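Counting in the working numbering, the sequence shown runs from 2 upward without gaps.
Worth double-checking, as some hints may not be accurate.
[Stated by the list, open to error] The calculated BS3-like cross-link candidates involving lysine-lysine, where the alpha carbons are at most 27 Å apart (straight line), are: (1) K94 / K64; (2) K64 / K97; (3) K64 / K90.
Rather than coming from a laboratory, the hints here were simulated on the basis of the structure.
If you're wondering where the values come from, they're calculated on a predicted model, not measured in any experiment.
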Amino acid sequence: VHHVGGGVVHTPNSNNDGTTLDAALKPVEDAIRQVSADGAYDQQPCYDAITCREAEPVVPPCKTVVIHQHGNGTAPPRPRDGTLRYIRKYGRKLWKRDSGSHCRSIADTMMFQLRVIGGEC
Numbered sequence: 002v003h004h005v006g007g008g009v010v011h012t013p014n015s016n017n018d019g020t021t022l023d024a025a026l027k028p029v030e031d032a033i034r035q036v037s038a039d040g041a042y043d044q045q046p047c048y049d050a051i052t053c054r055e056a057e058p059v060v061p062p063c064k065t066v067v068i069h070q071h072g073n074g075t076a077p078p079r080p081r082d083g084t085l086r087y088i089r090k091y092g093r094k095l096w097k098r099d100s101g102s103h104c105r106s107i108a109d110t111m112m113f114q115l116r117v118i119g120g121e122c
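Please model the entire structure based on the sequences and the hints provided.
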């Protein structure tokens, strides 16, 4: 389920939500400041779709990932690498609080409760 521009885009359980993020963002005409998503979106195509819209990705990285581009590289910085550096320095709990990721988690919990009450589960 994607929450986009005040609406909701449902994806079938057979789809990885990350594969549909680009399509979910396309109908949004307004500028997007931030895209908050869960770990299913921790994949390069999702980061590309988000940064293409000049938005900030707030996606918890998998615990086993490594920094791809180190600080002495000449290519532009990668958002995921910045997140990893922050987590290494301050911890995952502070990253969640400081990035607003915890709000996404609260919203997901609320949507799940609505689905249970609504009989979709």
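* Would you pick out the hints that fail for this structure and give their numbers low to high? => The structure breaks none of the hints.
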